[in-house]
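Read off the chains here:
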Amino acid sequence: MVPVVSIKPLLAVLASMAVVPFLIYCRKPNLREAWTFAAAIIKFFIVVSMAPTILQGIPIEYQVAEVLPGVAIRFYVDTFGLLFALVSSFLWIITSVYSIGYMRGLNEHSQTRYFCYFALSLSATVGVAFSANFFTLYLFYEMLSFATYPLVAHHQDVEARSSGRRYLTYIVGGSIGLLLPAMLYIYDKTGTLEFARQGILSGHATPGAVKILLLMCIFGFAKAAVMPFHAWLPAAMVAPTPVSALLHAVAVVKVGAFSILRVITGVFGTDLLNSLHLDTMLCLIASFTIIAASLLALNQDGLKLRLAYSTIGQLSYIVLGAALLTPQGLIGGMLHIAMHAFGKITLFFCAGAIFVATGVRNISEMDGIGKRMPVTLACFFIGSLSVIGLPPCGGFISKWYLVLGTLESENLLMLFVLLSSSLLNAAYFLPIVYRGYFGPPNPSKYGDCVKEAPLWCIVPLVLTAAGSVVLFFLPQPFLKLAQMTVKHIFMGP
Amino acid sequence: MSQHFPALIIVIPLFSALMVTVAGWFNKRLCFPISLLSLAAVLYSSIGLLMQVLSRQVVQYRLGGWPPPFGIVYEVDYLNSVVLVLVTAVALINLIATRISVVEDFPDKLGPFYTLYLLFVTGLSGIVVTGDAFNLYVLLEISSLTGYALIGMGKEHAPLASLHYVFMGTIGASFYLLGIGYLYLVTGSLNMVDIAGILPKLYGSKVVLIAFIICMTGLFIKMALFPFHSWLPNAYADSPPGVVGLIAPLTTKVMVYVMLRITLYVFKPEFSFASADINTAFVWIAAFGIVVASVLALSERRLKRFLTYVLIAEVGYMVGGLWLANRAGITGAILHIINDAAMTLCIFLAAGNILRQSRSDAFEDLKGLFRKMPFSMAAFVVAALSIIGVPPTCGFFSKWYLISGAIEAGQYVFVAALLFSSLVNVVLFFRIIEIGFFEPLDDHHHQAPEITRREAPMGMVISLVAVAVGLIVLGIFTRDIVTKIIQFAIPEGIT
Amino acid sequence: MDTLISIIVSKYNYWIYICLMMIGLYAMIVKNNLVKKIIGMNILQTSIILFYVSIGAKKGATLPIITHGHNGESHAVHAVDFINPLPHVLMLTAIVVAVATLGVALALALRVYSQYQTLEEDEIYSQIEMSRKK
Amino acid sequence: MKRIGLIVVLLCGGLLVYGTIDFPGWGDPEAPASRHVSPYYIENSIRDTSVPNIVTAVLADYRGYDTMFETAVIFSAGIACFFLLRVFSRKSPDVRLYRHVPTSLTIRIEKGGKLPEESPDFERIDDEWTPYDLIIKTTCRLVIPFIQLFALYVIAHGHHSPGGGFQGGVILGASIILYAVSHDLRATIRRMSERVSALLATTGIIIYAGTGLLCLVLGANFLDYGALAAVLGVDPVSARSHGILIVEIGVGLAVMSTMVWIYYILSSVGRNDEGL
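Heads up: the sequence lines are chains A, B, C and D, in that order.
Quick note: the first sequence uses our numbering, first residue 3, plus one each step.
Quick note: the second sequence uses our numbering, first residue 169, plus one each step.
Quick note: the third sequence uses our numbering, first residue 16, plus one each step.
Quick note: the fourth sequence uses our numbering, first residue 180, plus one each step.
Chain A on its own, in the form it takes in the complex (with noise of 0.2 angstroms):
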């Protein structure tokens, strides 16, 4: 199974880069626009013409550089990279009708600041999916960091600038103080940094080394958000909705969660850390942050803060599944990035076209606001069962494996906190679900002559509602692709 060496991943990669002069230089809001939906639609078929050979099992590689000796940039597509790239920018297609239609509708300022860094952070996301290395990784990591900065800042008044340099300070506190060290100590003593089926470090280090080097990962990989790390999530939530849509439910965290993933499995190898029953240790955190977060999410009146306690929580289970270090786990956590990221992509929607109609922020202003905006209500309930895992929603899915993960490991801690966590997800779901259908209207908070968003925002989170239904009756190429990343990492090629 000799991979093939083929430039796509760069042009992947670079597609929405190559983007940003047109974007900075033509002055029509109209061009801009179309420059950024034409750039995310190529990054897409790109992206998917790599599909049928990496599902005949074949590796797409390709090497740009080699800037240290024996460590180099370069691209390794395989099937769980692909997964991730699929998702991202499938959902990038939406998410720039999606924004157009949601800065347009508040007409915000420096779009065109917006619009370039968007691009970019998606860029930096795609080079996450393929890298082949932990190095090449890191780079994207950091770029992505530093990509996504402006976005988060980008109302510019104090509490922006505030939320904007708390979230540098956890992610590149994190990468730098944490992640960079690890790096380094992993390639002191190991000479490489190239991902392997089954990690690199097992013979090179200490079991005591092995546990820090592991935590240093899951914490340093902050954007995964596993508490103490999550503070920056609700904070960032001051950025526009799209941005908090794309990059807080796809791009950012969703990296986080890959990046873990990908270490977990290239780096140290699930036979290593099994033999070392650093399962619990994972476990443990993964499950804290699952409660603790939905906890925290029952009592936010905001809605968009609800969302971001709730995706910490949903990462978490991702990061759970790899904690399970069992076939089915992985399988569970891999389906979870795909199927959370249309569920909550679609609540942000819904939250974000809530806002552009009504102007309205918390909960408890929503009072019979499905009279007025049924379509958006009706995608909010449907992201919502998906998030909570219910049929017919894709999220039932990627659920279902993670229990099956729990009872591979005989671990039935682990399937209790799954499913009381589950309960939670409803408990703060289903209220705003009831009180926009059935609660009294009260056009004092909202104005009187409301009506659906614009089209623009309507058609998107339709199509990703519609989406994770479907996903539910056909989560075919999701799937296969998951289970032969786990075939391939437990049964070998």
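Some hints could be false.
[What the hints assert, rightly or not] Stretches of chain C that chain B covers, calculated by requiring three or more beta carbons in the stretch to come under 8 angstroms of a beta carbon on chain B:
{"no.": "1", "stretch": "18 to 31"}
{"no.": "2", "stretch": "55 to 66"}
{"no.": "3", "stretch": "98 to 109"}
[Said to hold, decoys possible] Chain C is faced by these chain B residues, among others (derived, beta-carbon under 10 angstroms):
{"no.": "4", "residue": "Ile310"}
{"no.": "5", "residue": "Phe335"}
{"no.": "6", "residue": "Gly337"}
{"no.": "7", "residue": "Ser342"}
{"no.": "8", "residue": "Val361"}
{"no.": "9", "residue": "Gly365"}
[Said to hold, decoys possible] With a straight-line cut-off of 20 angstroms between C-alpha atoms, the simulated SDA-like cross-links for lysine to any residue are:
{"no.": "10", "chain 1": "D", "residue 1": "Lys293", "chain 2": "D", "residue 2": "Tyr277"}
{"no.": "11", "chain 1": "C", "residue 1": "Lys148", "chain 2": "B", "residue 2": "Lys196"}
{"no.": "12", "chain 1": "C", "residue 1": "Lys26", "chain 2": "D", "residue 2": "Gly204"}
{"no.": "13", "chain 1": "B", "residue 1": "Lys196", "chain 2": "D", "residue 2": "Glu373"}
{"no.": "14", "chain 1": "B", "residue 1": "Lys196", "chain 2": "D", "residue 2": "Ile304"}
{"no.": "15", "chain 1": "C", "residue 1": "Lys51", "chain 2": "C", "residue 2": "Glu138"}
{"no.": "16", "chain 1": "B", "residue 1": "Lys652", "chain 2": "B", "residue 2": "Val227"}
{"no.": "17", "chain 1": "D", "residue 1": "Lys293", "chain 2": "D", "residue 2": "Ile304"}
{"no.": "18", "chain 1": "B", "residue 1": "Lys374", "chain 2": "D", "residue 2": "Asp201"}
{"no.": "19", "chain 1": "C", "residue 1": "Lys149", "chain 2": "B", "residue 2": "Glu532"}
Hint data in this document are derived by calculation from the structure and do not stem from the laboratory.
In this text the structure is predicted, and so the values were computed from the model without any measurement.
Cβ atoms here follow ideal geometry from the backbone N, Cα and C, with glycine treated the same way.
Given chain A, work out where chains B, C and D should sit, using these hints.
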């Protein structure tokens, strides 16, 4: 001609300095072209020298045709050929970049300015290539004297700062001279290779030990390592923009080079790194210096002053890297000489542009600069990322080698210090970037923010952006620099 | 005891140079007046000159000028008869360097004086503090 | 501060004393410094350069490169003083004072008034003017030529006796400075203007470095005077001795004029009018 490159490197700038003096008396407009041509020629010949070194090991040039140790010889090897290219390149770029601001600052003293500029470059490149310990002292004094004069013409308290610089510099140089005297006393020779050949028999002697200590102290003073750093911030902060871009990147780096030369090639590693405790002590000093400098930088509210503290911290990087006493660490130190010179040049050129356009470099006066001068600020950001150490800018890779060397040597204090200063740099630079990026230009008059501040003149911006791109290029080509040059610059003994 | 005395006696001018050097250093660190510091700087450099010249000394040797015969083939010249010329050469350079440094230092001191109307450091610093306050 | 200084000084002193214990005794002919390199100079300088004064031979030939930069150092000091202090007062002062020498009357000319034509009778003076002492002036008149003659001798005779470019140059410079002290700065500058001194200093170094460059052009290494034999039409050894003479002249020129230049600037704080 090519076999005379080592002489030309020194003679061309010296001669053109004299030409510039004459031109200064008769026709000022000739000063800049002459300097430009001569520095270009020097850069050409230094690159040619590098090529020669890469093809065959060491280039030796006997001045006056006398064989060592009786005459003065120039020994050009892997270590100093690359530093030489660095020095000449930085001098040339800064010359081009600051032409306009120099004309503004010294309208009627162009001749003397460019003369001093060229003599300074002469001194530095001589220091780099010379193989004679005493000749190094003479050239050191040339570069110092010209440096004092250039710095002394700055604003505000520059003369006082420059006078203190004179005192500290003279003490440092005198210590170095004394150390050489001690070595001469016991070896009877002034040629570095010759001394290195004689010393091993004398490693036990007290005189050699004291000579080593004195030399190192002198060099530490000259390079403003932590306890001796007090002169640097004042001296650089008020110096004119045309000067700081030359002196800040080069002086400390060349001194670090001299330290490397003395420790690795005059006193062999067997002597310099004999006792692990001493190495650890030096590493701790360096680490402490890094931390202190970073903390001091936090307290500054003016751009240039704060950059000078960053500079001091960087010196700690290189000294610590050397005293890690392993291959990775020393590779990091040498690599950081190159990268840090480039970064410092870039950041100070950017600061110079900002200062020139907005007349002040207090943080609160940097509002809305991104709108006003996007290119300069973009270059500033690149340099900042490089100083923080973000891939793929070059700063990351030298930090990479330094940290991995420290891990290899088990000096986790140094690792911690490096990471700490990186984080502090993040805080510092993003404080500035945030002000420049997000703070509205001026609150009271919104309509048409005043037009006084716009992008700096073309020449300045172009060269600045070129340097900024160079930072990334350097980073990408790290492997070639290391495997083709630096690894041969380190003595075999070190693993 | 005798060894101590012999050490002291046989190296007395090294002791002298150390004393001179320390005096200069002390002046540069402690003195408050800039010109006094400059003088200290010169003492420091002079002490080093003394050190080098005393390296060159050689008992029973004369100054290094070969008197007999200009185009001197045939006469064998013996190194022991002449003192070591190299330190003197070096010190010619060092003297010139010292003079040059002195010139620049004095020029700077003049600038400082014309700026603050004083050469006492503490007064200068108080003036700087005043300007900061304003 | 005092205490810190004392501690630092004592530490340094202790260190140096500790090192000195291992020194060879003073004047010990067996000391390594006297045995390794220097014997070569003593024994071969005559054969190599036919210069009896070994110091001169080493200074200007074996280590001639150092000496070139030593000249460059003093030159850069001159440039530095000029750069730091020189002020070009563009506007002529409102009030000029002239002194009519025969009658020693002082004339005060307001702005726009008619200036006296250049004649020895009138000399321009500044706010405070002290009468020159006749004895001093006459003595200097008498002494200065002899000083300068001696300086030339010292330069030219550096091969055979203590002396050379630096010493001679300094004496020359001293003679001119003596003139400036005994008369006034304006008079001196009238005889040897600042531009002339600057250009002379440059010329001095150009002579030195040019000699070296000539050798380089003639195919030898930089400063290898042996190559001058082709030009001077003598054998390489005496070519070296001639080369040494040439560069010594250059050094003398440079040192002399730079000294004078620095004096001009320092004594008048860069205004080049009154002087001390």
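Holds or violated: Lys51(C) to Glu138(C), with C-alpha atoms at most 20 angstroms apart: Measuring from Cα to Cα gives roughly 15 angstroms; hence the hint holds.
Given hint Glu373(D) paired with Lys196(B) - CA-CA distance at most 20 angstroms: Holds, at roughly 17 angstroms.
Cβ contact check, 8 angstroms cutoff: the stretch 18 to 31 of chain C against chain B, three residues minimum: violated (count 0)
Agreement of Lys374(B) and Asp201(D) with the hint, judged by alpha carbon distance not exceeding 20 angstroms: holds (6 angstroms)
Restraint check for Lys652(B) with Val227(B), where alpha carbons must lie at most 20 angstroms apart: holds (17 angstroms)
Pair hint Lys148(C) and Lys196(B), alpha-carbon separation not exceeding 20 angstroms: violated (41 angstroms)
Evaluation of the interface hint that places Val361(B) against chain C, nearest CB under 10 angstroms: Result: violated, 17 angstroms to nearest chain C Cβ.
Verdict on chain B covering the stretch 55 to 66 of chain C, where coverage means 3 or more residues with a C-beta closer than 8 angstroms: Answer holds; 5 residues pass the 8 angstroms Cβ test.
Restraint check for Lys293(D) with Tyr277(D), where alpha carbons must lie at most 20 angstroms apart: holds (12 angstroms)
Chain C contact restraint for Phe335(B) - C-beta distance below 10 angstroms: Holds, about 6 angstroms.
Distance restraint between Lys149(C) and Glu532(B), which requires alpha-carbon spacing of 20 angstroms or less: holds (18 angstroms)
Proposed interface contact between Ile310(B) and chain C, which counts if any beta carbon pair is under 10 angstroms: holds (9 angstroms)
In terms of the numbered hints stated before, the structure departs from hints 1, 8, 9, 11, 14, listed from lowest to highest.
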